[in-house]
Structure formats: structure tokens, C-alpha cells
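The listed protein sequences derive, respectively, from chains A and X. Quick note on numbering: our numbering labels position 136 of the first sequence as 136, and the sequence is numbered without any gaps. Quick note on numbering: our numbering labels position 239 of the second sequence as 1239, and the sequence is numbered without any gaps.
In case anyone wonders, no lab produced these hints; they're calculated from the structure. Nothing here was measured: the structure is a model prediction, and the numbers come from that model. Treat the hints with care, as some may be off.
Said to hold, decoys possible - Subject to a maximum C-alpha distance of 16 Å in a straight line, what follows is the list of computed EDC-like cross-link-like pairs (lysine to aspartate or glutamate): (1) K128/A <-> D1418/X; (2) K1415/X <-> E132/A; (3) K1316/X <-> D1326/X; (4) K54/A <-> E29/A; (5) K505/A <-> D522/A; (6) K1198/X <-> E29/A; (7) K22/A <-> E51/A; (8) K350/A <-> D324/A; (9) K1314/X <-> D1335/X.
Chain by chain, the residues:
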Amino acid sequence: MSTTATIETKPAAPAIEKIKVKVDGREIEVPKLMPDWTGKLTPTTMIQACELAKTDVPHYCYHPKLPIAGNCRMCLVEFGTPALGPDRKPVLNPDGTAKIAKSPRPAIACATPISPGMEIYNNTPTVKQMREGVLEFLLINHPLDCPICDQAGECKLQEYSVDFGQSTSRFAEAKVHKPKAVDLGPRIMLDDERCILCTRCVRFTRDVAGDDKLGIVNRGSYNTIAAYPGTQFDNNYTLNTVDICPVGALTSKDFRFQMRVWFLKETKSLCNSCGTGCNVLVSSREEKMYRYTPRENDAVNGPWMCDAGRLNYKWVGRSDRLKDVLMRGAGQGGLVKTTWLTAINDISDKLKRAPAGSVAIVASARQTNEELYLLAKLKANLGALSDSVEHTGEADRLLVSADKNPNTNGARLNGICYTEIGSNLPQIAQGIQSGNIKTLIVFGEDVTTQGIGADLLAKLDTLIVSNILPNTTTQLAHYVLPGAAHVEKRGSFTNTKGRVQKFMKAVEAPGDARAEWEFLHDLVHNVTGKNGYVTIEGLFNQMAAEVPGFAGLTWAGLGDTGVTVTI
Amino acid sequence: MPQEYKLILKHVDEPGYTPDIDCYLRHGGYEGLKKALAIQPKELPDGKKASPQEQIRDDVKLSGLRGRGGAGFSCGLKWSFVDRRSGKPIYLICNADESEPGTFKDRQIMHKDPHQLIEGMIISCFANDVHLAYIYIRGEMPEGAKILIKALAEAKAKNFLGKNILGTGYDLEMYVHRGAGAYICGEETGLIESLEGKRPYPRIKPPYFPAVLGLWMCPTIVNNVETLCNVKHIVEMGGAEFARLGTPNNTGTRIVSLSGQVKRPGYYEIEVGKATIGELINDPKFGGGLRDGRKLKAIIPGGSSSKVLKAGEKFKLKKKDAEGKDVLVETDMLDLPYDFDSLAQAGTMSGSSAIIVMDDSVDIVGALANLSEFYAHESCGQCTPCREGALWMNKALQRMAHGQGRAGDADYLVKIADNIPGGRTICAFGEACSWPVQSFVAKFKDEFVAKGVADEARRAKEVAVPGETKPLAAAHH
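Build out the structure end to end from the sequences listed, making use of the hints.
In C-alpha cells, the structure reads:
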């Protein structure tokens, strides 16, 4: 493994010819070819050109990461191309500019390629009228049940109605009634009456998730989305269809009826369920989390995430969370509540007195780069053996990694563990057995399942444990330091591909629980006598300056989507 | 005097003419194919060589043959769009999904002279280097499918199909594929999707032009039954000779399906433009006039989706005068020559050449309600305006037809219809479902308004039962 890190250098993009088009009278230069939903370079479409021109073209069925359907007709625009004379040469206006022949028919911006000199009209009375017409059609059979709809507040029907719709309906007929609360699969509920049949969900599950399970049944206005008869819509990516559903047709069983979206605070964070590190938004209100939704990052997860990771947040609110700082009383005494100051001072004194080589550290690859960096400082000072614990599971072809630790590479780069994670654990067990190791520091793991059983732990003079949830190791500890879940603190992870990404704090930790990097900073200061940074920004930058694997990085430079280092 | 001109229907309905191959061969069948396969490469004046295939394609272009399915697009031009450099196979599909209400011409060919179609197809396939062709036949024509399957087997047994056709080294397989009963399968890209085993959602164009990205994303030609039959005659008589039939830019013959309230409904083959609408309706050789005592009210000139013509309507028709100059001549709708261009000038179309005649006994609101029910049922529902608009118009029209009209319903209907066509939809179904509504209401607005006013007046007189409300919308669902 190479520990020399370099900042990601993008391969020089091949030169793509640029062409000039006009969007609503403004001339811009756009590449002739742009990536399609698979990333393949294809002729640039009108909607891409408009996006580059910072002009919004309303749309429902178009999604940049899905094959184009062209069915909603919301993105219709008018356009013109340079007029050609009978000699196939451009016809010029008296002022020498190219004469534009306006197309008699509109075109869908999502599927129509641009051509040199094309003029796109996104704001004409005809265009507005067409959009008004499409919206009217979409709404005549819509139940208009916004007050009880989970999508309200983030609904494209609502948004475009405000932008392009009419205030009253002239629909004087009976609405089409369709199935409601259709149990599509274990995590998805469908309301067919709200559906606008854009087929984003159908295309996602067929072309992205590779599970061709959804389709349309019936005909015309009675069309409904359905799962293949007799089967459930059940793959590990179904909840993405809820995200991309532009209306309230597909809802998450986990989130529906839980919270109005406008009350939710959104925090940029990461999923920590595996080594992929999908970027997420944590939606919370009053210190309670309500959902994860994927946050687009083309270097990691695109706009998607797996269902398992998305729903793996409830444990944070578990009632048996470690909330108190605990210390074992003298003799055979049990764990009693104490204060951070007492515990940290106590531990610091013991570590300072510990002879070199008598301390071992088992850290967790679920901890942040910054925390692992601080533990590595302790390790160096104490001459300690260290390692981490491997957690593996099944991988898939899309996003899920076999590595269930979010920060294995962070542990490696900081020198807490080595290429083969867990290879030092037998040595640590042996050291305890032989009496050489008298103090064990465990962060976030249960070492009793890793070959360091209760019998070995009983031989220790001092067992210092930090964790978020209780386990056998925390029960046997002399000191229990309650830590914070990643959504309760700031920090960074390094994913399986070396992407260093930061996450923000969404909710407060319960009780006395604290972010590990905060108390580790105090501990390192006490033990080494050297002060360090007390902000996460400073700490990260210090780590980047000292640890070769992170050389050149800065906290600010990570941005929202991270930077890749060499692994 | 207008005459029938039987080119395609030459033997059809002759006593003793049967759809089997022996009968066809006795009547000179497959001679056109033999002629096509015997064409030799030709030196062109510029030194290049024209392959036999190119010569046939050029001849079809020269013939001026226009598609008989509905759009009237030049067949030669359509063939010229085919991507012949992609290295992919080229497919030919015969669109036998004849489902436009009022149209029943292709059915006659398939039922009574299937080998004529097959011969036309083999020649067309040969001319376009096609080695696999399909006949996509409407689901509601099981008899036609049976006859065609039998005919294909006969043709194969005689080596007009299969490997090394007639020893020329040319291979061609042909299959019959039955639809499952959806009008939209007649739309060529919907047909292709259906043939691929999918829901027949028409494809967006761009990028999916059949000539480039058709069946299985390969270049594909989709032609109507009657169009393909014409290819056989073009090869037999020569493109220039064929072009002498009919009128300039409207060459050849057309089989007109005449239905509605005439004495002699039926199918009549005429030289294109050599008979007027009035002659087709009234001439004893054709429709034989309306039922006794009835007056003409309206006609639908080219299948149910074409815009209606009202009796007595006058149009300015472009004609050449004695000196060859273009002049506009006022022409009554009955005097419109039945061809592509004249009907286009009258703001409608000859479509699938199906004339539906309505006399003065017809309730125009009810007639439109009937039409719109068809379109609401057949809209595939892929794109928004057609999916929602077709059913909305139908609901409004059914409500009106069932005595729940409103005075403002005429405008209401047109406003709905105006939001559907003109490139707002993926395929031409948007036009097909909205043109009848637009034209019926535009030309018979007084009847729509009168019905609405009468309904409102009647409802006002109805004694309301206390506590009972009659919501308008509940009238028809």
C-alpha cells in the first residue's frame, strides 16, 4: 500500500468542439457533445444547453441520470435554426446576421439536439401557453390532496403550478379514480391517482437498478404504474424511486405521514453503512432524524443510495444509548457515573505513568479521520500496538461495498491498522495474556468477539472504552466514555476509493455523550503535553499537514463532495 | 365521367378468383418479382453503375408513389432515408394494422389477393437489401392472418421466399405478426415497439427515426399494405408509366373506402384525383347517392381523424389556367378532386382514403361523441396532452350527448382540443383525436351551442327535490 497521497488530478478532458446557440436571445457557447445519462458523450440537447445558460426548463419525466422518455411534454420549447436558401447557404438579414427560420412546431428540450446557430425560445407566449396546457391536463385527474400528501412542499406539480398554472380549474367532468395506497413493495407505497405517469420509477428500476419490475398497465388516462403481477417491488434501491418521483405518487413507508417537509432541517452528511460513503442529506427536526436522502455526488454515488443504508439511522435514537461517563469504583465496585473532567484526568494520569509498550489500542474504522489521527498520536506517544476490526458483508454491482466500515482507509492512512485490517489483534491478545499489555483502549468495537474475551480483559489493569451503544466490552470497562454518532458531530471519512469526504452535524448527542475528537483532543493534550487544534477545521488541516496520506488537503478544500487521495 | 380504375383490385371480386398461389400464378402473379430479380446493373451516363436495387428505388421515386397509410409521404423519399451504411440489417415491415375508423381497403387485399401484397413486399425487400420482413396485422383480423400465413407458406414452397430465391442468391424470410387490438400499433414506431414485444408506446423522434433506429435499433422501412402492392405494379409497368396514372404529384390509384349514409357503401379504386368527392358519393358507379329524401350534412374525407367537411363549404383551390398560371378557383366541397393535395388545400386530408358520409339525420354532437369515445379508448396514455385530453373531450361530449350540455361547452371543447395537437404530443394521435373536435365545433358550432342552451333550459325547469343535488359531473363517468 502506498501512503503517499496526491490530490486528485483529473485526466485532461478531450477537446470538445463548441458551438454557439442562443437561449432567449442570449448567445452562449456550449460543447457540441455532452454526457448522456450513462456518461457517454452524445450530441448536446436543448435542455442541457439551457442549463448551461442558467435558464430553467420545467420538466417532469426528464432526469439527467435516466434514459430520456419525452412523455411529460412540460419541456416543450420553440426554436429556430439558420434559414438556408435554395443554394443550401445561410440566408442573411439586411444587417448581416443569419436569418432564423422559426420551426412551426415546438420541440421537447430534453430530447432535441442543438445545432450551430440554433435559437431556443423558452419564454414565449406560446411556450407559456403550452406549459399551462400540460399542467392543466396533469391536474384534471389529480386528487389535489396536498394537505395530506407527503410530497407537499417538495412537489413539482405544486412548484410548476405556481410558475405556469392557472388559479382555477375549468374541468367540469368526473375525475378518473385509480387505486390508492397500493402496497408496491416492503418499503414503497403507491398512490396511482397522484401519479403523472412520467415513468421515472420504471426507467430507474429497469435501467439503473437492473430489476425490471415496474411497468404501466391499462390504457390512456386509466394507465397505472404496477409491479409485475404477483411480485413485490423489492430490491435494495427501491427508495430512490421515491426521491425521483416528481409528485406524491411513490412514498416511503418509513417516512410517509411522519413530518411535513418544510419543518425539516437538512444537513449535508454521509451514509456510514459501508465503505462507499454515499453522500446524504439528513432531514431532522428538534434533534430527531426523519430520513436520509441521497445527495448527488458523481464521484461516489451519483444521485442514488441503497435502501439498507438509507434506513440505517434509527439506532441513533435508541433508548439504550450510552449517555453517561462511567468509572469503575474501587475494588469489585460497579460502574458509577462521573464527570468528563474526572474521567479524562484519571485516564491521562494512568496513561502518562504507563511504561512504553504496555498500552494497546483497538480503534474503529467507523471513527472519523480526525479521531483516528488523534488516536495515532496517543499510539506514538505510548509506543502502543494498535489495530481495528474488520466488518464485511455482501457487495453489489451498483453502490454497496463489501467493507461495512465507512473509514477503513482513514484507519490505514493514519497508521491505526494495516492493509490487512485486524492482523494485530492476535498479538494484542497475546500481549494481554503474557502480561505485557496492562492497558487497553477500545473505541467503538466489541473486542470480546474478536479474540480478546472477558477472561483476557479481566487480566488488564485498565480497560478504557468509548462507544455509542453498550456491548460486552463496555460492561467490562473501567472507564466508559459515551461517544457521538456521526450525525451528531463533524468529521471526515475516507471511502474505499480514497475519497475524503466531510460531514456536518445534524442533531445533538444525548446526555453527556460527546464527539470523540473533542475528548480525544483533551486526552492527547494531557498525555503528550502538546496542544492541538480545538476546531474540526484546524484538526483536519493539522492532520493533512502531518499525515502523508492526506498531504495537501484542507477542510475547506474538501467542499461538499470531497477529494480523492491515492490509496 | 369518373371511372373505377382497377390496378390493385384488378382480380379481386372476379368470379372464381381465389387467394391461393395457383390462381395468382394463373393471373400472371410473381412476374413482377421475376422481372425485378432479372434487372441487370446499368451503366449511368456519369460512368457509375446503378445496381438493380438502386434502379428499382429510382423507379419508385420516379413513380411519385405516396404512402397509402394516411400521411401520404413519398415512398421513394422514405426509402432514401434508410441508413444503408450502418452495417446493421435493414428490416421491412408491412403495416397491416388497418384500424382507422371508416377504412377497410387493406383488408380486401389481404383477404382476397394476399400474394399481390407478398410479391410487392418481396420486390421492396429486394430493392432495399432486406432479408427479414414482417407483416404486422391488426389483432382483429384473424382471418387475414390465417390467409397470409398460408400464402407465405405457398410462396416459400415455390421458392419466392426463403433461401436463394429463384436461384438468384437472394435470401428473404417473412413472418406474420398479429397485434393485440390497439389502434396505436398502426403508428409506425408504436408498431415497432409492439413487434419487439413491448407496450406500443410510440417513440420520440428525434432520435428514433425508423429509417435509422427502427426495429431492434436497426434501419427499418414501414409501409402500408396498399403502398407495397403498388411497388409490384411500378416494377411491372415502369415508374414513368405509373406516374401517368392519377394527377401530377398524386399519382397512381387509390382504393377509397366509402361508408355512411350512401346507397352503395363499399371500396372503389380510382385514379387519384380523377374523381371528385361529389362523384364518389353520388355517381351510380360509386356511392349512388344518399338515401331517398335525405340531404348531405357533412363528410369525413380521409378516415375518422381527418377534419370534417360541411355540405356547401367552399374552398379556394389552386389550379392551372389555360396559360399554365396558378389561379385560385372557388370550389364546392363536393367538387374537390379526391387526391392528397386538393384535400390538404381544403384544410383536411385524404388520410387513409376513407370517406364517411353523414346525411341530415345525423346528430352532430352525438357523432362527435362517438368518434371521441374511440380516441379516448385508444390513446396509449404515454404523453400528457393526448392521454388526458382525449378522455376529457370524451367525457365532455358524452355529457353533452346525454342531455347535460352547457351553452359554453363549444368553446370549452375547443380550448381542450387546442392544447393537444401541433407537436405537443409524441405521435400524430394528438392531431387525430383533436382535429375532429376542432373541426366539428368550428363548422357546426350553432348545433353545439343550441344543444347546450336547450339542456340548460330543460334542467332549469326540472323541479329540484329538496336535499337532492345533481352534480353535473355525475352525469356520465
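Hints and how they fare:
1. K128/A <-> D1418/X: holds, 14 Å
2. K1415/X <-> E132/A: holds, 12 Å
3. K1316/X <-> D1326/X: With Cα atoms ~12 Å apart, K1316/X and D1326/X stay inside 16 Å; holds.
4. K54/A <-> E29/A: Satisfied, since the Cα-Cα distance of roughly 13 Å is no more than 16 Å.
5. K505/A <-> D522/A: Cα-Cα ~20 Å, so violated.
6. K1198/X <-> E29/A: Judged against 16 Å, a Cα distance of about 40 Å means the pair is violated.
7. K22/A <-> E51/A: Holds: K22/A and E51/A sit about 12 Å apart, inside 16 Å.
8. K350/A <-> D324/A: Given pair K350/A, D324/A is violated - Cα atoms ~21 Å apart, limit 16 Å.
9. K1314/X <-> D1335/X: Cα-Cα ~9 Å, so holds.
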